[in-house]
Structures are given as C-alpha cells and as structure tokens.
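Quick mapping for you: the protein sequence lines, in order, are chains S and U. Using my numbering, read the first sequence as starting at 19 and increasing by one per residue. Using my numbering, read the second sequence as starting at 131 and increasing by one per residue.
FYI, nobody ran anything at the bench for these hints, they're computed from the structure. A couple of the hints might just be wrong.
Unchecked claim - Calculated lysine-lysine pairs in the DSS-like style (CA-CA distance at most 27 Å, straight line):
(1) U/LYS139 x S/LYS74
(2) U/LYS144 x S/LYS117
(3) U/LYS225 x S/LYS122
(4) S/LYS70 x U/LYS139
(5) S/LYS78 x U/LYS144
(6) U/LYS139 x S/LYS122
Said to hold, decoys possible - Quick look at which bits of chain U chain S covers, simulated, 3 or more residues with Cβ under 8 Å:
(7) 143-157
(8) 190-200
(9) 220-230
Claimed, not checked - Stretch-level coverage of chain S by chain U, calculated; a stretch enters the list once three of its residues show a Cβ under 8 Å from a Cβ in chain U:
(10) 30-41
(11) 44-52
(12) 103-113
(13) 120-127
Where is the CB? At the ideal position from N, CA and C, for every residue including glycine.
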Amino acid sequence: GDSVTQMEGPVTLSEEAFLTINCTYTATGYPSLFWYVQYPGEGLQLLLKATKADDKGSNKGFEATYRKETTSFHLEKGSVQVSDSAVYFCALKVNRDDKIIFGKGTRLHILP
Amino acid sequence: NAGVTQTPKFQVLKTGQSMTLQCAQDMNHEYMSWYRQDPGMGLRLIHYSVGAGITDQGEVPNGYNVSRSTTEDFPLRLLSAAPSQTSVYFCASSKGTAIYNEQFFGPGTRLTVL
Chain S
19 GDSVTQMEGP VTLSEEAFLT INCTYTATGY PSLFWYVQYP GEGLQLLLKA
69 TKADDKGSNK GFEATYRKET TSFHLEKGSV QVSDSAVYFC ALKVNRDDKI
119 IFGKGTRLHI LP
Chain U
131 NAGVTQTPKF QVLKTGQSMT LQCAQDMNHE YMSWYRQDPG MGLRLIHYSV
181 GAGITDQGEV PNGYNVSRST TEDFPLRLLS AAPSQTSVYF CASSKGTAIY
231 NEQFFGPGTR LTVL
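Next comes chain U alone, as it looks inside the complex (with noise of 0.2 Å):
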C-alpha cells in the first residue's frame, strides 16, 4: 500500500493563481480531510469528506473547494490564491468515523503565494 499521496511536495503561486492540490489514498478509507499547518496555530481542518459524493465544510474554508466523486480521490482547489494561503497543507484518511479510527497522513504540499 502507498498509504495517503499527495502531489505536489512544493509549489509557488502568483496571487491571483488557481491550481489543485492532489490527494489519493489506496486504503479504501471512507473518511477523508484536507489540514493546514501554520507555525504557532497548529492543523486546522479546512474540509473533509465522509465519503464519496459527500464533502462539508471544517474550521477554515473559505477560498478553498473540494470533490469526492470516487472514494481514493480528494482534490483541493485554490480559487484565487493569496499569500495568507501559504501554508504546508496535509491531506488524512481513517477507516471510518468511530471515534477510536486513525487518521493516516500524507507528506504534505509546502505551497508558497507570493
């Protein structure tokens, strides 16, 4: 199993960019969710998804999207990037729900806006 992938490692963007952020886990796992990591604020949950065709908002949304249409995929897309958006952005999965699953995580995509 390659676990959780994400691709790019790094990427620069120009405010005012768009671009995706891929994620892919061969787990089967249901749950699946999109972090931030910012010095002195922790992981702060920007979406996730509960399954194919389902995804909700979490802490920090705004000026992000994403999809699920099949259950090893979860993309995040930049609308309009920003330099607050630089960040290093972490992608997980776990089984399920229950309060006692793992979350699995990727390497992570260091993503600079200028």
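Bound-form chain S, shown alone (with noise of 0.2 Å):
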C-alpha cells in the first residue's frame, strides 16, 4: 500500500546549521506530496506542498523537491533558526477521494 517513511529522530544541529530530513515514498499512483510542521502544543500547520514530479515547494527558507525517479521529497533549509524546533511531517495523498498519509514525524532541536 501506500506509505511515508521518513528519518528517525530526534534530529540536533546547532543555529544557522544547514538541515536535511529525508522523506521517501510508496505509491501506486502520482501523489501530491506536503510537509507539515508541529510547533510545541499546537496542531500541524502546512509547510509547503508539490503536487507534481520535478516541482519545488519552498516557505519560510524551506524547500523540497518532488523527486519522481527516487521517489524522494527531502525537506531542506540553508541555515536553521532555534524557532524551528518543531516535529515535521512528511505525508502524501494519491487519489481524489483517499486519506491522507503521514510519516511518523521527525523532532528537531536547534541549538542557539
């Protein structure tokens, strides 16, 4: 079946480090994928999203690219903020009328 795996967490990295979550996917069609992002005591908000091969989404010095022959959609940001610690989501959707699928999320830590 479909399915979202993600790296394991938690990941630690000093402010202004460079940072990659990794973010791989199954499906059986062509998915729209997102990422989303869980601040401390609050609910998931949207990161960013592509919705086909080869596009980019960004936000907030954010990005991933929905790579179609690795079936790929790393998340990445040049230098990170202590303000992003957070869990980040990586989740996909297939068909019109189908869930929603998430990975099981990835803790971030930033160190000032």
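Two independent chains are provided; combine them into the complex using the hints.
Now the structure itself:
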C-alpha cells in the first residue's frame, strides 16, 4: 500500500547549520506531497507542498523537491534557527477520495 | 476566521466514562477528520466525513463514534473510555478531497484515561 518513510529523530543541530530531513514514499499513482510542521503544544500546519514531479515547494526558507525517479521529497533549509525547533511530518495523497498518509514525524532540536 | 477549534484542551477520564470531543470549523470546508497522535506512531486516522450527513471509518475507529449533522461541526464520542485511548486528538478540515488540498488542524485535545 501507499506509505511514507521519514528519517527518525530526534535531529539536533546548532543554529545556522544546514538541515536535511529525508522522506521517501511508496505510491501506486501520482501523489501530491506535503510537509507539515507541529510546534510545541500546537496542531499541525502546512509548511509546503508539491503536486507533480520536479515541482519545488518552498516556505519560510524551507524547500523540498518532488523527485519521481527516487520517490523522495527531502526537506532542506540552509540556515536553521532556534524557532525552527518542531516536529516535521512528510505526507502524501494519491487519489481524490483517499486520505492523507503521514509519516511518523521527525523531531528537530536547534541549539543556540 | 477562527479556523478549526477544539474543546476541551485537556481532559481526564476514568475507565468506562463517556465523553464528546468537540470540533468546529468556520471555513465552510466539506472534509473533516479526526486523528490521534501517539509517541512513535505518528498520526492515525480515526473517522472522517466528506460532507454533512456522511461519515466513514479510518484506520483506528474502534471505541469511537462520530456524526456530521452540520458542515461546521464534527464531534467525536468516546463510548466507554479505556486507558488505551489516552492520546492527543486532532481534528482537521479541508476544502475538499482533491489531492492538492491541504488540511487545517485544530490545536488538539490531550486526553488521559485512568
């Protein structure tokens, strides 16, 4: 079945470091791909999305490129801040009436 | 817009008690859903609704009931609470079921069952 696999955390980085959180997927069709972020004590919110191959989603300095050939949607940021500390979820949706499938989440800690 | 609101924020129940978690959205979204979030398990879908009067089961529906009498509201009922239902519950909504539609999440309800 359709699934999302993302790197396990926690990931701990120093401020201004480069961030990569890996995400790969398995899907029978052509999914839309999403990254959601959950700040402490809050619900999830959409960070960025891409709806077709080679699309790049970007927001708040984060980027992810939809790579069909490697079935990946890795999240990157060039210089992280303490305020980026959160849990990040990769997700996909394949068909119109299907549910969104979430990865298990990656906790990110940024040290000052 | 208030977005997606959930009440209560925190709740403690004893085993066997029943309660309703409230969820409302003011964005006129067709699609609403309930998830539970447990450590190491990510988000698991409990029930969802594609419109008023229509509900369906998700991945982990046992022990929960839902109804959708209006577009705005989607309450989740725990019939007889069990310690295994200790979790954080999130309600979400989206404009429709198209594959590019994002979901909007409420702030969550943290439930403890003793």
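Status of the hints after comparison with the structure:
1. The hinted pair formed by U/LYS139 and S/LYS74 fails the criterion: a straight-line CA distance of about 36 Å is larger than 27 Å.
2. Between the alpha carbons of U/LYS144 and S/LYS117 the distance comes to roughly 32 Å, so the proposed pair goes past 27 Å and is violated.
3. For a cut-off of 27 Å, the pair hint linking U/LYS225 to S/LYS122 stands: about 24 Å separates their Cα positions.
4. A distance of roughly 37 Å separates the Cα atoms of S/LYS70 and U/LYS139; the hinted pair therefore is violated under the 27 Å criterion.
5. At most 27 Å may separate the alpha-carbon atoms for a hinted pair to count; S/LYS78 and U/LYS144 exceed this at roughly 43 Å.
6. Between the alpha carbons of U/LYS139 and S/LYS122 the distance comes to roughly 23 Å, so the proposed pair stays at or under 27 Å and holds.
7. Restraint check on the segment 143-157 of chain U versus chain S: 0 residues with Cβ-Cβ distances below 8 Å, three needed, restraint violated.
8. Residues of the segment 190-200 of chain U with a Cβ under 8 Å from some Cβ of chain S number 0, which does not satisfy the need for three, so the listed coverage is violated.
9. By the rule of at least three residues with a Cβ nearer than 8 Å to a Cβ of chain S, the coverage given for the segment 220-230 of chain U holds, with 6 such residues.
10. Only when three residues or more bring their CB closer than 8 Å to a CB of chain U does the claim for the segment 30-41 of chain S stand; here the count is 0, and the claim is violated.
11. With a cut-off of 8 Å between beta carbons, the segment 44-52 of chain S has 3 residues touching chain U; three or more are needed, and the interface restraint holds.
12. Restraint check on the segment 103-113 of chain S versus chain U: 4 residues with Cβ-Cβ distances below 8 Å, three needed, restraint holds.
13. Counting residues of the segment 120-127 of chain S whose CB lies closer than 8 Å to any CB of chain U gives 4, which reaches the minimum of 3, so the coverage claim holds.
When the structure is compared with the earlier hints, violations turn up for hints 1, 2, 4, 5, 7, 8, 10 and for no others.
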